[in-house]
Every structure is written in structure tokens, then in C-alpha cells.
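Kindly generate the complete structure, drawing on both the sequences and the hints.
In terms of mature numbering (1 follows the signal peptide of the UniProt record, and there is no 0), the sequence shown is residues -34 to -1, 1 to 432.
Worth flagging that the hints you see were computed from the coordinates, not collected in a lab.
Hints may be right or wrong, so weigh each one.
Below 20 Å or equal to it, Euclidean Cα-Cα: the simulated SDA-like pairs (lysine to any residue) are [stated by the list, open to error]:
#, residue 1, residue 2
1, 163, 298
2, 265, 313
3, 315, 275
4, 102, 76
5, 344, 184
6, 299, 241
7, 238, 370
8, 65, 133
9, 203, 235
10, 203, 357
11, 260, 301
12, 370, 102
13, 322, 71
14, 211, 277
15, 203, 244
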Amino acid sequence: MHCAEVCKSHRRSCPIQPHLLLTLLCILAVPSLELVTNLMGRPGEGYYIEVKIGSPPQTFNVLVDTGSTNFAIAAAPDPNVENFFNSSNSNTYVSHHKKVSVLYTQGFWGGELGSDVLNFPPLFTPLVRCDIAAIKTSHNFYMNGSHWQGILGLAYPVIAQPDRNVVSWLEALQHLKNNQSVAFALELCGSEGDGSKHTGVFEILGNGNEGAELWTSPIVREWFYELLLLGISIGNKTVDLSCRKFNTDKTILDSGTTSLMLPTEVFNVVVKLLNSSITQQSVPISDDFLMLQKMFCWKDPLDWTHFPNISLSLAHSDTSYFVLQLPPQSYIKRVSNNSEVLGLQNCYKLCIKSSKTGTVLGVVVMEGFRIVFNRSSKTVGFAKSPCGPAVDVFGPFKTKRDMKRCVNPTPLPNISALTVAAYVIAALTSMYGVLVGYILCHWLWETYIKQKMTRSMSETSIVSSN
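Structure below.
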């Protein structure tokens, strides 16, 4: 509520000089503008938030992930998690008697699908019932010492596992709001001090409560939060490739991925431009640091002025775009103090990697921005956050480029159509199998069995005649 409205609503208590009270109220209101963090984590291990599951409630931390949809929680002992959800101790847990699993590039988890009530105390949202994947087995999913035991997926139903009928937490919250689309904001602040931990803010937004002025980019397809990347610049050098290559096979915004992931061809050009820019500053560097993201140590702390900014151009409308500018502190991260055990100091890693599944704008791109995911307007908005790296956003800029040529032509799979197609293919395969079986049996009959019987009968006739 605005300060003037506060004074107006308490008119009887306002003194003869209301402007003095107004000034006092505004001064007292300033601390409330400070960022109240509710996300925690360690660099490279994601951002997590506290959740209470079941009745009576069991408390856990879950990774906030805009690159998936399922809510999943550890439901069996694992050496990399501190505790796990015991469904038998919850009076409100209901099993769906259905298996569910998710396969990642370097790991997987599997378990049972059920439902229970969830509450996120830091979000001040109501208690809702949604589907839960109770993780029974996993490989390379949890991170030792990361302090989170599950994952909160915030993407669209189409990529939910095992199918799009799974009720995610965000969908359950939307149903509670009479099916009004839910908007949320993330402000990932990165690490401070010794770099051993990072913080952030996760908000569920009311109508028109997006906060700062935003530069919005339309969501291309509603599965992941897919955006349209129009260009990349390294310092004052532009990556000279077709814009379609940037979006092969998609460009998504994913808080569950640490690095900036780029298609191989794009990655190679970016690394070449980075190497050229850095070597011009006479900074010693290895190919492994750039190509393989190996740790590299310098004698002294990095002089960031020797490294270029990276600019990412995102579509704003059919005829305009805006630019996200990332300082080197965004894409080059200091390795934690574990390296000092080995007698190494001032060690860093490059957080740009090659990808076979398209462009992923991960945490290193998101840190420093206030990002609003608005399902109603089908946009993702960006503004500078008061926390995090010294990023920038500027624009819009007009363009005559035909943006349709930048979109990946591969259509979004239609789950129901795929299911029908699967049944049709299965039926055709069965018919083909029967036909092949008939032909094979007929051939065996004519080639071997019939001839053998004829030969045997002939031999019998000869013996009889003799």
C-alpha cells in the first residue's frame, strides 16, 4: 500500500500535520523494500527452497527447476541425502500405483507416483494437493552435501512424466485460483564472500504485481520455457552464424542447469572469439579451460577487465529485440576453497559448455536478473535485480529480420497423436509379422516338408513294387 493510502486509511489518527506522519511512514517502509531471500544453495548445485509434505508434515529442501514439471522427493535411503519422505507416516498420501522415471544426460531417478499435500512456508501460498514422484532409486541425481532431497518442477504439463495428466504443484495452485494462470518470479543472487553459498528469491505473483519494469520475450512453445535467441556477441565481436543455429533444437530458460549450454557449432565459434579476446590481453590460458571446462589457476586473482562481456539478444516482438549483457563474473566462476587443500589458489572454471540438445540459458545467465515467468501473457520478463553480478539489459532495438527463420522448424510433439500413432504402428507391425510368418511357413512346407513327404512316398512305392 502506498504511504499516502496508509495515512488516508488511518485519517482519525493523523495529526494536524499529516505530511510529517507521511514522511515518517515512508522512512519506516524503506526496510521492507530490501530483498528477503528464501532460496539457498551452493554454487554449481542449484537453488533450493523449504517444503513441508504430508500430514503430519515432513520438512525437506527441493531444487527449484524451470526445466522440468514433476515434483519429486527422495523416498528411500541414499548416501547423498540427509533424510527422505516416508509415505507410510503421512495420513494424506495416496498411491497411484504407477511407476515413474526420468532420464537425464548423466543420471536418472525412478519411483512411484502418488499424491499428497504440500506447503511452502517461504512462499506464503495455501496448502495444495498435487502429484508426487516418490524416488526409490537413482543414479547421479543427488549431489553430496547439496542439502536438497528433491525437485520442484515449474515447467508445463506437456513434459511431465509419465504423461501430461500429472498434476504439478503449479497446476494445483492454478486450480485453487479458479484456473487463473499463475505467474512467478526468480531472482538468483549468486554467491558472496568466500563463494561457498548463494541465495535468491522465489515469489508467486498476484495480478499486475510483476515489480520492476520488464523487457519481455514471448514464449515460443509451452513445454519448457522456450525463448527465441537472435544473436550472441563476445565483446564487440558477433557470432556470425544463422540465428536458426542458436535455436537448434530449442532455446530454454532452465534454473536447474548451471551453465550456458550452446549447440556444438555455436559453442566452437564462441570459444574461438573468447580465446582471441583473452589472448589479446596477454592473459595466460589453456585450451582445456575453454574447451573442456577444466579448472585453471592463476598466480593472482583475475583482472576482470581482461575478459569480455557476453551479450545475448532475445526476441521482444515480431520486429524488435533486447539484449542481456553478462559480465565475465557471470560465466567464469571461482572454484570453491577445496582447491586450496591442494595448495592451489585463484582457480576458476568456464561455465559455457557444448550441448547436443539445444541452447540452455542456465543459472549463469539468470543470476543478477529479476525474471518473471508469466503464463497468462505467455512471456518471460527480465529486469536488473538489486543482487547478483553486474548484469545489464537494454533495448528494444528494431530489426527487419524475419524471426520465423530463427525458429526451429521441428513441431512440438502432440502426446495424444503420438499415442494413436504408436497403436497404428503396433497394429501394422503385428499384421506384417503374421504375413511374414505365413510366407515363411508356406516356403518351408513347399521347400522341405512336402518334398520330403513326396520322396518318402516314392521310396515306399519302390519297396512295395520290389
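Against the structure, the hints come out as follows:
The straight-line distance between the Cα atoms of residue 163 and residue 298 is roughly 16 Å, inside the 20 Å bound, and the hint therefore holds. Between the alpha carbons of residue 265 and residue 313 the distance comes to roughly 9 Å, so the proposed pair stays at or under 20 Å and holds. As the CA atoms of residue 315 and residue 275 are separated by approximately 16 Å, the hinted pair is consistent with the 20 Å bound. Of the supplied pair hints, the one linking residue 102 and residue 76 holds, its CA atoms being roughly 6 Å apart against a limit of 20 Å.
For the proposed pair residue 344 and residue 184, the alpha carbon gap of about 6 Å is at most 20 Å, so the pair holds. For the hint pairing residue 299 with residue 241, the CA-to-CA distance comes to about 17 Å; that is within 20 Å, so the pair holds. About 28 Å separates the Cα atoms of residue 238 and residue 370, which puts this hinted pair outside 20 Å; it is violated. With a CA separation close to 15 Å, the supplied pair residue 65 and residue 133 stays within the 20 Å bound.
In summary, the hint linking residue 203 to residue 235 is supported, as the alpha carbons are separated by about 11 Å, within the 20 Å threshold. The hinted pair formed by residue 203 and residue 357 meets the criterion: a straight-line CA distance of about 18 Å does not exceed 20 Å. Taking the CA atoms of residue 260 and residue 301, the gap is near 11 Å; set against the 20 Å cutoff, the hint holds. Taking the CA atoms of residue 370 and residue 102, the gap is about 44 Å. The hint is violated against a cut of 20 Å.
The straight-line distance between the Cα atoms of residue 322 and residue 71 is roughly 10 Å, inside the 20 Å bound, and the hint therefore holds. Between residue 211 and residue 277 the CA atoms are separated by roughly 16 Å; this keeps the pair inside 20 Å, and the hint holds. As the CA atoms of residue 203 and residue 244 are separated by approximately 13 Å, the hinted pair is consistent with the 20 Å bound.
Checked against the numbered hints given earlier, the structure breaks hints 7 and 12 and satisfies all the rest.
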